[in-house]
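Visitor: Residues per chain, in single letters:
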Amino acid sequence: MKRIFYFVAVMLLTLQVQASGKLDKLSNKSKKCMECHQKTSPAIVEMWGASKHFRGKVGCYECHQAQATDKDQFMHHGERISIIVSPKDCSKCHSHEVKEFSESHHAQAAKILGSLDNVLAEVVEGNSGFVTPAFPEGNSAAAVNGCWQCHGSEVKVLKGGKLDPATWPNTGIGRLNPDGSRGSCSACHSRHKFSVEQARNPENCGKCHMGPDHPQMEIYKESKHGIAYYANKDKMNMDNGKWIPGQDYNAAPTCATCHMSATKDMPVTHDVGLRISWNNRPAVSIRPEVSDKKLGLPGQHINWKTRRKNMKNVCLSCHNGSYVDNFYTQYDALVELYNEKFAKPGLKLMAAAQPLLNPVKFSNELDFIWFEIWHHEGRRARHGAAMMGPDYTHWHGTYEVAKHFYAKLIPKLKKLAKEAMADSDAKVQKDGKNLKKVIDEVLNQENHKWFLGKMSDKERAKRKKNAEDFKKRYEK
Amino acid sequence: MKRIFYFVAVMLLTLQVQASGKLDKLSNKSKKCMECHQKTSPAIVEMWGASKHFRGKVGCYECHQAQATDKDQFMHHGERISIIVSPKDCSKCHSHEVKEFSESHHAQAAKILGSLDNVLAEVVEGNSGFVTPAFPEGNSAAAVNGCWQCHGSEVKVLKGGKLDPATWPNTGIGRLNPDGSRGSCSACHSRHKFSVEQARNPENCGKCHMGPDHPQMEIYKESKHGIAYYANKDKMNMDNGKWIPGQDYNAAPTCATCHMSATKDMPVTHDVGLRISWNNRPAVSIRPEVSDKKLGLPGQHINWKTRRKNMKNVCLSCHNGSYVDNFYTQYDALVELYNEKFAKPGLKLMAAAQPLLNPVKFSNELDFIWFEIWHHEGRRARHGAAMMGPDYTHWHGTYEVAKHFYAKLIPKLKKLAKEAMADSDAKVQKDGKNLKKVIDEVLNQENHKWFLGKMSDKERAKRKKNAEDFKKRYEK
Amino acid sequence: MKRIFYFVAVMLLTLQVQASGKLDKLSNKSKKCMECHQKTSPAIVEMWGASKHFRGKVGCYECHQAQATDKDQFMHHGERISIIVSPKDCSKCHSHEVKEFSESHHAQAAKILGSLDNVLAEVVEGNSGFVTPAFPEGNSAAAVNGCWQCHGSEVKVLKGGKLDPATWPNTGIGRLNPDGSRGSCSACHSRHKFSVEQARNPENCGKCHMGPDHPQMEIYKESKHGIAYYANKDKMNMDNGKWIPGQDYNAAPTCATCHMSATKDMPVTHDVGLRISWNNRPAVSIRPEVSDKKLGLPGQHINWKTRRKNMKNVCLSCHNGSYVDNFYTQYDALVELYNEKFAKPGLKLMAAAQPLLNPVKFSNELDFIWFEIWHHEGRRARHGAAMMGPDYTHWHGTYEVAKHFYAKLIPKLKKLAKEAMADSDAKVQKDGKNLKKVIDEVLNQENHKWFLGKMSDKERAKRKKNAEDFKKRYEK
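Sequence order for the protein chains is A, B and C. Read in order, the letters of the first sequence correspond to residues 45 to 520 in this note's numbering. Read in order, the letters of the second sequence correspond to residues 45 to 520 in this note's numbering. Read in order, the letters of the third sequence correspond to residues 45 to 520 in this note's numbering.
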């Protein structure tokens, strides 16, 4: 009976919040929380005091309250609470944002962790040595401290509502929560201020979008956009409720500006993929509707042209149409260059090499070489072009791709083929011959024949003439 | 007739601007531009509204106006304009700055693009697949999205005044403009505020001066100079017209402070080379007057001692003379160490290896190894020492140089020599013997004989004694 | 007599400062200094004018005064001064801080320079070509511009009180000063403002704590802590005298917050090791009391549990106990994974390889490979986990460790063993067999047998089941 009463009370509270957007006064339960926490962990209480939640009288209890049926509930000084405030909890007030987020790639980020191919962190780098109460057979500490911190853990609840230490602390964006919801709003809206201002800072995205395989943060810093931001941060009006470029600020865009925030024509979105027209994650870039379909997301019905139109709408706040169109022509050309010259031939070469390699993934040096070409360097080139960071496009990108393709991948494949052809086993001989054939095919492609010294006289002459014409330009 | 009238009107306008430094009121033509652009691309208009151009009544039309003879002119809502505002256009008011800039290395930055040796981005990484109206035979998207964005494109005008998408958007510092002028003022003075404040931010230079081959931005951040800047940015008085260290600010220098801005004794300069006493770009560092001569620049008559004196004048704003002199002694010693121990022997070794290598450049792994030793790592060491970033000098610099010299270059050259000496071809045998001889000569130099285990007993004893003496220091 | 009088005067001055914390008025001697220096190096005088020293009337002379017995004293416009203001000088007023600092690892930083093993910068990268008056036999410019700038030089005084250019400018944290004291307060409290505010900036620590071998600065930037700092720098109250998290600020911690500054329960410390519970410097992580014992520091009596308790006290300003405890469980697991899977087997493998390697250190490629595994990549993994930068833990850390262990170290050791076993020399054969045996032992360990394709069916089944269970999670 008490339970039903309690449930109704919570429902009423919820409705009240949804209706008015704020509560009349801070609840006595929240006041009680604060009495202790002001002493034990004062900074949390202060941060909350600087938040919009404070102004709306949404206190500790309103977010941390739990029901007896919640997996992670426990009694704490007479109140039933849980540690994790999940997107489901947040959706009581922020249902629109949570719905959008739930339809995004972000919410699916933990999916890679359950893949059989997730061999790197679990097997190659790791072991099963990190034994915790919820995982008597152990986890890999490399996965827990690495992958899971960005992709999200599957949070496991221990007796008494405590959380398993392999799975929490964790604010990975695709976290699987005890209540079945996905994600972690505090991945971007950090505790306990939860400010939109901080989420608009580029560094916020940089917790995960950085490093050798997706250096978006580094590229942004190199780009004109980042330069303008760091020079003008104090003019960015970052804490404004409405935050529309050309209305509320004009000095620079941040990640949020282009990928999430409102323009004069478009609303805010928490589905970060809706303005992205290439998915540069795979070895060969694909269109976002294709990857959305694989993940079963509603975005499968929103094609890349619509998404590009969305992004152009942001661009046009500060740039003219021909600028924006020309930019996309440049970017598309780079993606195509990488796809056609390196990614597709690379996949073909590695497929031909496969029968000759040790079947255990990442036990061959070639596995690492190819993996870095597409997963690290090829992405850097494409992301660099997407966000106009020329050094990432070239020196960290296409230069590294080409260097490792010609000076590592090809020589090592050649050696593999040669040794196989000299093998006594007929099957191996045959696989070696086939690999040799594929290498020859690839190197004789228009894109690669320079490597064989087969640049045509015509082409050589053209290159020479271009250079001469160019030099004349300086004699004017 | 109308044309002459128009021309005279523009001349008068120009003279008026030059005479007074500002116009009386915003022109009707500019007002008309704004009527639309406030709606279509509002942030541009707002940025301009925050600029000194606004205060001087220099509006859209004053900069974007074109003459019928301009290659890139087109009619836009009844007015003849062009998209690109070139240094020549800017020089109508800022003639002194443009003249200085035109005499700098910056203005020559696109020159590398027309080199026959510019094989990396065009051939190795790229292809001719990026076909645009102005380039039916195509360009390399790696060059367009990479090199050209810093070095500058040769802007091509299409019918109707539109710009070819391979060549624009582009704000490369050495851009070749349709009107024959070189450079892009907005490379540093970003549209549409064109502020000197932003150009004084280190990030502004960091668009190009970063990355594996010239990490000036990263080195600055590591240096005491950068540390002081980021701690005290709000005390830097960055938007002051006059900006003299020791008068208008004192907390830290930015790139501009040392390389461009005024001191109490020297004026501002837009020729960034006038305070630089080493050119660390080539494999072996040279003096700037030598490279200026190669480029036909007036700087050929300004020797490195004068330039160093200029830089010391900046240093003395905050440091004493003995500090500055000692710093240069340290820096020079590092340049000499790199030049003598690695650069000169490296060139000699590669010259001896050349006849045995595949003649197609960058088709040998050794091409990449040697290229990175001097072009990436050797520069990092020298730039690191120039700007006092010890980790760039050592870990990213001399450590990488030495590692690749001894653990990559030498072993691969030895193998090449050994295989050649065993070859059946007499010419190859001879080249192999010669390479072997050069390797032996290099490794027996005082600098390298440690590698052969030939450190003399005397030297070994000296090293031991030094270590013992040093340890005693801790026993005090 | 005059000398004694002078000495007494200085003592009185010193006492006066210590007693009152400030002087009554600026001394005439300091006024005299300023008369010139305001003209010759104005920024120094201005910075001092913004310092607490100005408010306390501690001027140029009070710090730079010297005694006739000081090694580096010289007469300058009639006053006996020295250039270097050492920690001993600073201790006249700041005795407590200098004492703490002197007991820290920081004060011992130059110790590595006198090591016989300090072969990299002196021999491999360098030579003895940097000859200066104090070093007629020369130093390595790579050491002077690299190592010494962070670790500290041994400052040598030339005739007339000038300082040898190889040894100064230098603000290395472990500098050996002419007066016998160690360290350089201005390493962190930069001249001539000496502010605590700047020392609280993360960039301040980043002068040395960055780069491939200890990227603490980069990790901080990736972490939630750094993100919150950069978003909220203006709310950090950085120049407050008292600076206690949860009292004076709450937005974010900087390096100083966690490692040095006061909490509501703990005082400030200038011994940065007192809150660190792992020493991740060596190949295998050890406890700080162990390394303190090696260095003869008083910290040998403070065990890691006490230090961890100290750090947890900081964490609790913003986090709850279970959060903090769980974090440490994650961190410890990563350290153990690295130690057991890679560091200990790596040391064993290299010991077995040693007799077969060229005895000259760093003349074998294997020397570099193993060195980077533990000194660069293994540290990045451990530091990344310590400070919650998941990309540094994984992509820059364990991924690189594993890649180089399996794709470089093991194959090259195998080749070495194989060649040795085929050698005609019996001793070499034996060493080869032993190396082969150790390789086999290591690869057959539970941690490594995946590499041999020996993952058990049970384990494979478990991995498969886990993946399937995980996928079901998404079907809910």
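Since the hints were derived computationally from the structure, they do not count as laboratory data. Here the structure is a predicted model, which is why all the values come from computation and not from measurement. Please note: incorrect hints may appear among the correct ones.
Identical copies go unnamed one by one, so any copy, or any two together, can satisfy a pair.
[What the hints assert, rightly or not] Taking lysine to aspartate or glutamate and the DMTMM-like style, the derived pairs with C-alpha atoms no more than 20 Å apart in a straight line are:
1. Lys508 to Glu181
2. Lys452 to Glu241
3. Lys69 to Asp467
4. Lys200 to Asp369
Visitor: Classify it for me, Lys452 with Glu241: is the Cα-Cα distance of at most 20 Å met within a copy, between copies, both or neither?
Guide: Answer is neither: 46 Å inside a copy and 46 Å across each miss the 20 Å cutoff.
Visitor: Given a CA cutoff of 20 Å, do Lys508 and Glu181 count as a within-copy pair, a between-copy pair, both, or neither?
Guide: between (65 Å within a copy, 14 Å between copies)
Visitor: At 20 Å max between alpha carbons, let me know whether Lys200 reaches Asp369 within a copy, between copies, both or neither.
Guide: Between copies only: 16 Å across, 49 Å inside.
Visitor: For Lys69 vs Asp467, is the C-alpha pair at or below 20 Å within one copy, between two copies, both, or neither?
Guide: neither (82 Å within a copy, 85 Å between copies)
Of the hints listed earlier, those the structure fails to meet are numbers 2, 3, in rising order.
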